[in-house]
Every structure is written in C-alpha cells, then in structure tokens.
Amino acid sequence: MRISLEARPQPSRSMAWLSPLLAILATIVVGFLLFSSLGRNPLQALYVFFVKPVETLYGIGELLLKASPLMLCAIGLAAGYRANVWNIGAEGQLTLGAICGGGVALALEGVGTGWVLLPLMMIAGAAGGMAWAAIPAWLRNRCNANEILVSLMLVYVATLLLSLLVQGPWRDPEGFNFPQSRMFADAALLPILLPGTRLNFGLVIALTAVALGWVFVRRSLTGFQMRVAGLAPAAAHYAGISMQRTVWLGMLIGGAAAGIAGVGEAAGPIGQLLPSMSPGYGFAAIIVAFVGRLHPLGILLASLLMSLLYLGGESAQIGLALPSAVTGLFQGTLLFFLLAADVLVNFRLRIVRDSSIAGAARAAAKAGI
Amino acid sequence: MEHFATLVALTLAAGTPLVFAALGELVTERSGVLNLGVEGMMLVGAVVSFIVTATTKHPWLGVAAGVTAGAAMALAFGVLTLSLMANQVASGLALSLFGVGLSAFIGLDYVSAVVEGIKPLAIPVVSDMPVAGKLLFAHSPFVYLSLALCACVQWFLFHTRAGLIVRAVGESPASAHAIGYSVARIRYLCVIFGGACAGLGGAYMAVAYTPLWTEGMTAGRGWIALALVVFATWKPWRALGGAYLFGGVTLAQFQAQAMGSEIPSQLLSMLPYVATIVVLALISRDAIAIRLNAPASLGKPFHPDA
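Respectively, the protein sequence lines represent chains A and B. 0 is the number of the first residue of the first sequence in numbering that gives the first Met the number 0; add one for each residue after it. 0 is the number of the first residue of the second sequence in numbering that gives the first Met the number 0; add one for each residue after it.
It should be emphasised that the hints constitute simulated quantities derived from the structure, not laboratory data. Fair warning: this is a prediction, and the values are worked out from it, not measured in the lab. Be aware that one or more of the hints could be misleading.
[What the hints assert, rightly or not] In silico contact screen, one side only, chain B against chain A (beta carbon under 7 Å); selected entries: (1) 67; (2) 101; (3) 222; (4) 225; (5) 251; (6) 263; (7) 286.
C-beta atoms are modelled at their ideal positions from N, C-alpha and C, and glycine is treated no differently.
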C-alpha cells in the first residue's frame with residue numbers, strides 16, 4: 000500500500016483556503032513540541048507566545064502597528080508575484096523609502112511646511128523605493144538579468160547606504176556619537192490613531208493599499224493582463240500583453256509600497272533614522288504574500304498573523320527567557336508547511352493498494368525477475 | 000613577490016566558500032532543480048559545524064556535521080519540490096528564510112564562543128620554498144579540497160555515464176523518464192549533493208576561515224553563489240574562476256580598509272554586491288550563451304502523470 004498523487008483537473012478552491020489553516024495548525028504543533036523540548040510548559044508557552052501579547056488594548060495597537068508595514072509590502076509584492084515577477088528585495092526598497100522620506104523630514108525641519116510635510120515624505124519614500132526596484136526591473140528587461148538575485152543584492156547595498164548616512168552626514172551632532180539621525184520634528188510624525196497606544200495613521204495607509212490592491216487585481220484591465228502574464232505567459236504574449244511592461248509594473252508597485260512602509264517606520268514608531276529600520280519586514284512580507292494566497296483579503300489576515308509572531312517572539316523573550324530569534328524560526332516553519340500543504344490544491348492524495356497486478360509486477364521487478 | 004603570494008593565498012581563502020556553494024548548486028541546477036536556499040543551507044551548515052566543534056573540540060567532526068546539516072536542509076527542500084511538487088522559487092526562498100531563523104536560534108549561545116579552528120596546512124619541505132611554497136603549498140586544506148571537488152564535478156558531469164544521465168534529466172525529464180530513469184531519485188541525489196556542498200562552504204567559514212559564529216555570517220554568499228552559477232554558464236571551471244574573482248573583490252575591500260583608505264568602509268563593503276549585479280547583468284546579456292547552456296527544464300516541476 001502506498002500513497003500516490005493524482006493531478007486534479009482543476010486546482011481546488013476550498014483547499015486553497017484550507018491549506019494556510021493546515022499550515023498554521025502544523026506550525027502550532029511544532030511550537031508545542033519545540034517548547035516542551037526546551038523544558039517549558041508548552042501550553043503556557045503557547046499562551047505567552049500567541050495570546051498574552053494581545054490581551055491589552057496597547058497590545059492590540061502593537062499588533063496593528065506591526066501588521067501595517069507587512070500588509071503594505073506584501074500587497075506590493077503580490078502584484079509582481081501574480082505576474083511571475085519575483086521581487087524579493089522589499090527589505091532594501093523599504094530601507095530606501097526610509098532614507099528618502101527621512102531625508103525630506105531632516106532637510107525641511109523648521110521650514111514650517113505644516114501638514115504638507117508628511118505627504119511630501121510619503122512621495123519621496125515611494126519614489127526611493129521605486130528607484131531601488133527600477134534597477135532589477137531595468138536589468139531584467141535590458142539584460143535578462145535574474146530579478147531575484149539583483150533585488151536581493153540591493154538589500155545589502157541599501158543597508159550599507161543607510162549605515163553610511165547615519166554614521167556620516169546625517170548623524171545627530173548631539174547624539175553622543177551614536178549612529179543615528181536627529182529625532183524628527185512633530186510635524187514629520189504620523190498622528191496617533193488610538194490614544195494610549197503607538198498605533199498610527201500608517202494603518203489607514205496600509206488598509207487603503209489593500210483596498211486599492213483589490214480594485215487593481217479584480218477590476219482593472221492592467222491587473223487582469225498581469226494575472227494572465229503570470230498564469231499563461233505564451234497566451235499573454237499572443238494576446239499582445241507586453242512582458243516588459245509587466246516586469247516594470249510588478250517591480251515598481253512593489254517598490255513604491257515598500258518605500259511607503261519604510262517612511263511609515265521612520266515617521267512612526269522609530270521617529271528618526273537608525274542603522275536598521277526594520278526587523279526583516281521586507282522578508283516576512285514574502286511569507287505574508289504567500290500565506291495570504293496573493294489575495295488582498297488573505298494578505299490582510301496573514302499580516303496580522305505574522306505581526307503576532309513578531310510580538311510573540313518579544314513576549315517569549317521576556318516571559319519565557321527564550322531568544323526572540325524564535326520568531327524567524329516560526330516564520331520559516333510556517334512557510335514550509337504552507338508550501339507542503341499546497342500539494343492538496345493541485346493534487347489529490349490517493350491510497351493505492353498493492354494487491355493488484357501492478358503490485359505483483361512491481362514485486363517481481365524488485366526481486367529481479 | 001612574497002607579498003603577491005600572500006595576496007593570492009588570501010584570495011583563494013576568501014573565494015573557497017563560494018566555490019563549494021556554487022559547485023553544489025551547479026550540480027543541482029544541472030539536474031533541472033533551482034534551489035534558492037543556498038544561503039540558508041550555508042548558515043545552518045556553519046552554525047552546526049561551529050557548535051559541534053565547540054562542544055567536541057574536533058573541528059573535522061564539526062565539518063562532517065555541517066555537511067550533514069546542509070544535506071538535511073536540502074532533503075527538506077527536495078521533499079517539498081520533488082515529492083510534493085511545490086513551486087521551486089517559493090520553496091527555495093522558504094529554505095533561506097528558515098535557515099536564517101534556525102541558525103540564529105540555535106547559535107545564540109555560541110555567539111562569543113572561541114574554537115580552535117582548522118589551520119592552513121603547510122606541506123612539509125615544499126612549502127619552505129621561497130614564493131612558490133607559499134603560493135602553492137601552504138593553503139587551508141579546504142582550498143585543496145575545493146579544487147579537487149571542482150575537478151571531480153567536471154569529470155562527473157562530462158565524462159561519466161551517471162553525469163550524462165543527470166544532464167539528460169535536466170534537459171528533458173520526460174525523455175529520461177520514458178527510457179526508464181527515475182527523475183525524482185536522480186534529482187533528490189543532486190539536490191542533497193548541493194546541500195552538502197553548501198553546508199561544507201558554511202562549515203569552512205565557521206571553523207576555518209574566520210573561525211567564529213555570528214548571526215547571518217555568510218553575508219549573502221549563498222546568493223552570490225547562485226549568481227556565480229549563471230556567470231559560469233553552468234560549467235564547473237568557470238564557477239571556480241568566478242569564485243576567485245569575488246574572493247579578490249572581498250579582499251580588495253579589506254585591504255583598502257586596512258590601509259586606512261579615505262573611502263568610507265560602507266562603500267567598500269558594497270563592492271561584492273555591486274560586482275555581483277554588474278557581472279550578472281553582463282553575462283545575462285548574452286542570451287544565446289545562457290540559452291545554450293542553461294538546463295532546459297530548470298525550475299520546472301516534473302510529475303510523471305501530469
């Protein structure tokens with residue numbers, strides 16, 4: 000008896016939504032085993048990891064605060080992924096967004112720009128992210144260079160650029176030589192949405208992006224063309240859909256979204272420029288996009304889950320004396336299980352009994368007859 | 000001249016992790032599988048080899064453990080992509096993200112640990128020769144190992160029957176399947192070999208090159224190795240050359256910093272990454288060379304029934 004995979008004539012829609020749930024369940028089981036093997040009470044550990052962070056209003060605020068950049072980056076990445084444009088450099092585009100948006104905030108300090116300052120920062124950040132994403136897009140179209148590798152290399156370059164700026168020209172002169180910029184003025188900070196929490200206007204921007212993402216995918220011709228380019232490149236070519244344009248759009252949308260997320264971090268919880276502007280949101284957003292099935296609503300839910308993993312890591316550090324690196328471990332595990340569970344979308348599992356003639360033939364072949 | 004010999008030795012030392020990782024990925028890709036998880040496999044290989052070395056005091060045992068760990072990571076990737084038919088790009092990314100998280104988690108207690116690493120191996124008598132001795136006979140054992148591995152991979156792929164089968168599976172899995180070869184089994188073996196090589200590259204970094212463990216210590220070398228395979232147009236000897244080119248770039252950056260150059264260190268540190276992008280763009284421009292040499296089924300899943 001053995002299990003064989005049988006291709007489904009059409010991908011199963013119910014399985015497409017069920018497999019993320021299976022993956023979450025499997026990740027929790029792994030967490031249970033991991034915590035018990037580390038000598039912690041697993042139920043209590045799971046409680047500290049998944050429930051305790053969101054028991055208070057402040058905790059809910061933090062959940063939404065961290066979900067915002069994840070949502071924003073993932074919505075942008077999904078636009079490309081649907082068209083088979085693999086931008087994995089959102090972390091670098093986010094960093095460039097923070098550099099450009101933060102640069103505007105520092106340059107215009109005390110100029111009295113009023114409410115115009117924040118929109119200006121957002122535009123600068125989006126432009127920075129787009130410029131960074133334009134490099135892999137241009138090289139892919141012009142030289143056929145793999146956009147995965149180029150966009151990833153640029154993450155390292157962006158981080159070094161930020162480090163150069165905050166240690167050099169943009170360093171706070173009164174900052175005791177710490178590699179950080181001056182704190183932004185109040186006009187350059189996103190307004191708080193919920194008093195008593197750190198939740199800011201960034202959530203509204205992220206939710207708007209989700210809504211726009213839905214309209215773009217489901218209701219616009221360009222969105223439709225990009226989906227076709229991803230699902231059936233040959234048909235798209237035949238229908239006159241330009242692959243070059245698809246690459247440009249896929250990369251630039253991702254870059255703009257990540258850039259805005261970078262400004263959101265600089266003008267939100269951080270309030271200045273530091274050598275590192277994100278705990279890997281750009282990479283976690285890749286997982287968010289996949290777990291959310293590249294669908295805006297799915298991404299919304301998946302970003303909340305991923306945000307909870309970040310909070311859980313911090314909570315585990317305080318409450319369980321476990322390293323917060325456990326967050327990265329859970330993120331990777333979740334994506335692994337999701338990809339494994341996705342087999343059920345395209346294939347049916349079938350148990351084949353080996354009592355048939357085929358089984359006898361196989362046994363004979365094994366025996367060398 | 001003596002200075003030149005030192006520079007050559009340092010370049011070889013800096014390029015060697017890339018040689019291992021790129022050769023492993025090259026074999027994997029020749030069988031038609033694109034594994035983007037090299038960075039994750041290298042990191043896990045590095046951390047496991049370091050932990051085993053730190054606890055047992057036997058660096059070679061650590062290296063063996065690192066190789067095994069890299070292979071185990073690759074096996075997980077194989078299960079996803081070869082048995083469960085998952086998307087290879089997504090699974091490779093997952094492997095890298097998972098490897099980064101896993102290595103950071105298990106390596107946390109060892110961040111400041113000190114181990115007795117594997118020292119360069121000065122071959123008696125001949126290594127005492129002026130210049131040539133240092134140039135040829137006083138490298139880390141890993142350097143010799145990587146050269147031998149390159150020769151073996153070249154010989155295997157292009158001069159053995161098994162190598163021909165691997166290439167056939169990479170070009171046309173359906174044909175290989177039709178004449179009775181198990182595509183999945185051959186691809187599993189190639190993927191595991193790739194993981195073992197990546198683990199070896201990581202182990203070399205953790206117990207010989209630096210010897211220490213820091214989070215994310217491979218600093219993108221796994222990704223550079225992936226670019227090297229394209230640069231090499233899937234030929235082992237060219238991968239070797241490319242790896243030493245990058246070793247040279249890395250070295251130039253350290254040398255400039257050591258000599259107190261006016262250029263900010265961050266700009267110098269960008270060099271290897273920018274060089275990767277430039278080299279990748281230049282080589283990819285030659286569409287014909289890529290199309291002729293790239294395995295035709297690279298990245299495409301194969302299921303006998305579908």
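Each hint tested on the structure:
1. Interface hint status for residue 67 (chain B): violated, as the beta-carbon distance to the closest one in chain A is roughly 19 Å, over 7 Å.
2. Below 7 Å, beta-carbon pairs count as interface contacts, and residue 101 (chain B) has one with chain A at about 6 Å; its hint therefore holds.
3. The interface hint given for residue 222 (chain B) is met, as the beta carbon of that residue sits about 5 Å from the closest beta carbon of chain A, less than 7 Å.
4. Taken as an interface hint, residue 225 (chain B) checks out: its beta carbon lies about 6 Å from the nearest beta carbon of chain A, inside 7 Å.
5. At about 16 Å, the closest approach between the beta carbon of residue 251 (chain B) and any beta carbon in chain A exceeds 7 Å, and the interface hint on this residue is violated.
6. About 5 Å separates the beta-carbon of residue 263 (chain B) from the nearest beta-carbon of chain A, less than 7 Å, and the hint is met.
7. For residue 286 (chain B), the interface hint holds, since its Cβ comes within 7 Å of a Cβ in chain A; the closest pair sits about 6 Å apart.
In this structure, the hints that do not hold are numbers 1 and 5, in rising order.
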